[in-house]
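Student: Sequence:
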Amino acid sequence: MARTLLNMLLVSAWASVLLVLLGGFLPLVGTEPEGGAKSGSDHAPDSEPLPSPPGSNCSQLTLKLEFSSKVVEHEYIVAFTGYFSAKARSLYISSALRSANDGALEWHIVPRENPASDFPSDFELLHIRQASRRSLLTLEDHPYIKRVTPQRKVFRSLKYIPSPEPAAPCNATRGTQKWQSWQSSRPFRRTSLSLGSGFWHATGRHSSRRLLRAIPRHVAQILQADVLWQMGHTGSGVKVAVFDTGLSEKHPHFKNVKERTNWTNEKTLDDGLGHGTFVAGVIASMRECQGFAPDSELHIFRVFTNNQVSYTSWFLDAFNYAILKKIDVLNLSIGGPDFMDHPFVDKVWELTANRVIMVSAIGNDGPLYGTLNNPADQMDVIGVGGIDFEDNIARFSSRGMTTWELPGGYGRVKPDIVTYGSGVWGSGMKEGCRSLSGTSVASPVVAGAVTLLASTVLNRELVNPASMKQALIASARRLPGVNMFEQGHGKLDLIRAYQILNSYRPQASLSPSYIDLTECPYMWPYCSQPIYYGGMPTIVNVTILNGMGVTGRIVDKPIWQPYLPQNGDHIDVAVSYSPVLWPWAGYLAVSISVAKKAASWEGIAQGHVMVTVASPAENDSEVGGELTSTVKLPIKVKIVPTPPRSKRVLWDQYHNLRYPPGYFPRDNLRMKNDPLDWNGDHIHTNFRDMYQHLRSMGYFVEVLGAPITCFDASQYGTLLMVDSEEEYFPEEITKLRRDIDNGLSLIIFSDWYNTSVMRKVKFYDENTRQWWMPDTGGANVPALNDLISVWGMAFSDGLYEGDFTLADHDMYYASGCSIARFPEDGIVIAKNLKDQGLEVLKQETAVVEGVPILGLYQTPSDGGGRIALYGDSNCIDDSHRQKDCFWLLDALLQYTSYSMTPPSLSHSHSRVAPPAGVERPLPQRLEGNHLYRYSKVLEAHLGDPKPRPLPACPHLSWAKPQPVNETAPSNLWKHQKLLSVDLDKVALPNVRPYRPQVRPLSPGESGAWDIPGGNRGPQGFSLTLKPGLKKNVY
4 MARTLLNMLL VSAWASVLLV LLGGFLPLVG TEPEGGAKSG SDHAPDSEPL
54 PSPPGSNCSQ LTLKLEFSSK VVEHEYIVAF TGYFSAKARS LYISSALRSA
104 NDGALEWHIV PRENPASDFP SDFELLHIRQ ASRRSLLTLE DHPYIKRVTP
154 QRKVFRSLKY IPSPEPAAPC NATRGTQKWQ SWQSSRPFRR TSLSLGSGFW
204 HATGRHSSRR LLRAIPRHVA QILQADVLWQ MGHTGSGVKV AVFDTGLSEK
254 HPHFKNVKER TNWTNEKTLD DGLGHGTFVA GVIASMRECQ GFAPDSELHI
304 FRVFTNNQVS YTSWFLDAFN YAILKKIDVL NLSIGGPDFM DHPFVDKVWE
354 LTANRVIMVS AIGNDGPLYG TLNNPADQMD VIGVGGIDFE DNIARFSSRG
404 MTTWELPGGY GRVKPDIVTY GSGVWGSGMK EGCRSLSGTS VASPVVAGAV
454 TLLASTVLNR ELVNPASMKQ ALIASARRLP GVNMFEQGHG KLDLIRAYQI
504 LNSYRPQASL SPSYIDLTEC PYMWPYCSQP IYYGGMPTIV NVTILNGMGV
554 TGRIVDKPIW QPYLPQNGDH IDVAVSYSPV LWPWAGYLAV SISVAKKAAS
604 WEGIAQGHVM VTVASPAEND SEVGGELTST VKLPIKVKIV PTPPRSKRVL
654 WDQYHNLRYP PGYFPRDNLR MKNDPLDWNG DHIHTNFRDM YQHLRSMGYF
704 VEVLGAPITC FDASQYGTLL MVDSEEEYFP EEITKLRRDI DNGLSLIIFS
754 DWYNTSVMRK VKFYDENTRQ WWMPDTGGAN VPALNDLISV WGMAFSDGLY
804 EGDFTLADHD MYYASGCSIA RFPEDGIVIA KNLKDQGLEV LKQETAVVEG
854 VPILGLYQTP SDGGGRIALY GDSNCIDDSH RQKDCFWLLD ALLQYTSYSM
904 TPPSLSHSHS RVAPPAGVER PLPQRLEGNH LYRYSKVLEA HLGDPKPRPL
954 PACPHLSWAK PQPVNETAPS NLWKHQKLLS VDLDKVALPN VRPYRPQVRP
1004 LSPGESGAWD IPGGNRGPQG FSLTLKPGLK KNVY
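Sequential numbering from 4 applies to the sequence shown in our numbering.
In short, the hints are calculated from the structure, not lab data.
Computed from a predicted model, the values in this text were never measured in an experiment.
For glycine and all other residues, C-beta sits at the position ideal for the given N, C-alpha and C.
It is possible that part of the hints are untrue.
Straight-line alpha carbon distances no greater than 25 Å define the calculated DSS-like cross-link-like pairs of lysine-lysine that follow [claimed, not checked]:
#1 K560 <-> K635
#2 K675 <-> K845
#3 K650 <-> K90
#4 K270 <-> K328
#5 K261 <-> K328
What follows is a list of derived Cβ distance ranges for each label pair [said to hold, decoys possible]:
#6 M613 <-> D813: 49 to 59 Å
#7 P644 <-> V850: 29 to 39 Å
#8 D865 <-> D947: 49 to 59 Å
#9 G240 <-> S506: 48 to 58 Å
#10 R936 <-> I607: 20 to 30 Å
#11 K765 <-> S506: 56 to 66 Å
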């Protein structure tokens, strides 16, 4: 009955689509083509001259590479036997050189300012003046030093010979700054996740220098798909869907295209862009650039027009049809930030509930954190990130964590897995091969692998979205020196996944499978700061994967069992969890705090949480029969004595709002290709560098995910409020004033707020045919002014931009506001800046002299705290930062935490008299704004939004411990395995070579499955789709 009803609904939806397609669509309004390549993507991967083999139809781009090198005088690479912290590496080198007994030896470690510098490394760069042979030998004699080699400088030049065919458009347009043409842009829609070329974020994992090569590779054979082909597995019997730009009817690479469907308003099934053909080729091509599963049943869903436009509605209909066709695997090389696009998100849940294994790219917005795209960020979807062929995380690959759970919770681990996404070969639009980079390449690699794996399992009932993800993440190869928000569970290992799947029995598992807050760098950011008594609870958001059924539940309650020999009774644990695990998954939020008896204790504490999951037994003869699975979550933490108040900084997360759901604009108005504030504004996402800096300076940073009324201010030196868009409860304002009178200090980094500019930066939503207007500026200045008005302070609605120098530091003010009012006995710094508001509104340029941007104030009460205001947050925000001002944050914290006024500020030539705020009225809230729709503070009240009742503070129910006298495993990662999985039992037979059958070759076609040193496809190919609406798939 349920299936009949579903079919009726789907037929009805399909009929609606046909009517729409026959009737046509309204013309698009307010869109224009836009580049999708990230900055710097015009740097092509390294390669060598690639001759064209006879008979090849592959498109050719010859890249001539020349390089040379020379020794850098006095610099040496010191390689270690393992990965050590910077402190340990320095100690080992010092110890070794002291034993040389050479008092005249001059040496120092050369600083390496790069993303890998935060993590343990296996080498150091050492400068030794007049190094003797003896001193170098002494270094190598140290037990932890492997070798010492001269530093070399590599010179490289790239020369291109143009491809015989016209180059595909790179779409890397540099739009002119025309404020009047503000339109919807990439973040408002779901975009194809491809890049023309890749560039890489080194992980520091190689002990010796190698030239990174990114020539196009046959990825299926690199991942050993040919081993499974030789066993007779080629994807047969598995239905795989490609949602993309279509496929030509008679493309020579495909032999089992079961169906092509068009979901756009164009009357064609063919691919006019090449992206969909490429993706289908990675999955199922049978020749030249061969795919993983050439015998799979290929279903092509054309959901993009040749003008590169799509809509959520097209996807929803296509998704319904995929359910109807009983698709097994579905690839989505698209993504967007809107995880609250509930029609789309709900449909993805429905798909997976119908046993469709969905694979999706996590996005090309790296290396910034908090840039996961939907639907890859969903628990039921396999989210895929990209690496290069040297196993480095691709710089473009988006990073976790998920931001759904903010502000009160914490994000989940994503991506789930990473695989090759650079210089990968795939099918050309009509014939031949081409190369492409991006997570849209990595996604079909995994989708193809999943299709091939599914075909190896005799009992297909065992294959579902949860069991497949369990096999992939349990078999993944972890990349050293890379954290979990970059690599997920590691690199795809096809053969190990095959072994696991073929010894699998239905069960529950956890992602991550353990919590080790001491393991760096993999468990960053948890491992970056120890826990202590009185701190905010550490929240770890674990995903429960339920391979037993689409629906499940947790039996009774999770059990906390501390290990007494490992001081487990020194921590308290609270657990919250999904009341229902659906579809195939749920969450397990583990909150960890230090017990009072460990307030002055330092050491390691361990224990585990036991969880039992139950699912209805589908084939059980007994009514109400259930399958159960019990899993153990090991926990290991480092505890330190509670730090002094002056070292503790509290980050206000509660008052940060972001897209989705509302239109909250970027803090830098120059960033017109990325105008939404969508990265979470969290210390572990787009303020990650600031957090790392504060930790390196010895500060302990905690996160407040609740109202200001919910923390003990006597425990903290400084409350840090950055880019706040939320309103404040009256009770919060009252409490903060009292807290500052009692010694708490406050630092505020504000941003622009101007109602005229807010009206100017509206954009047209293609889906609703409505104009979207922001409900705040970069920050909610009127709300901030309410908060600080009692001290005679206020920000203005001025909007300023420009370069300047402060305390010998180069600074850039990016769409910041000014200080309109400040106490007369405070310190105020002013600079000459451009009036950006005038430029936005009238396209005129003017420089304003003496704009107050920084203020310091000691409150008058006895023992009172200090307040520091700065009008721009871009210099500490990773999103579009041009010049950091971490030095300024250091100086402000010295002032607020230790009452040390920086002489460089108090005696600055830029110091001016504090403004009295009488020249112009203070900024007012935008009339008719809809902030109440997204606010935790406001609610609608007869057309005049008013504060809601103050919510109760979060209360954790600590689990009653059930201590065990048990010794914890020494390595939690290697200790964790799926139940009943024994890789030795699934041997790989030594069989004769086998290749899937192919149809007869057309004249001129190449029969080669593997073309040694084959041609490079055209570089610079990138699919970028027209701006649609924020909810559009494009």
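Student: Go through the numbered hints given earlier and state which of them the structure violates, listing their numbers in rising order.
Tutor: Per hint list: 7, 8, 9 and 10 violated.
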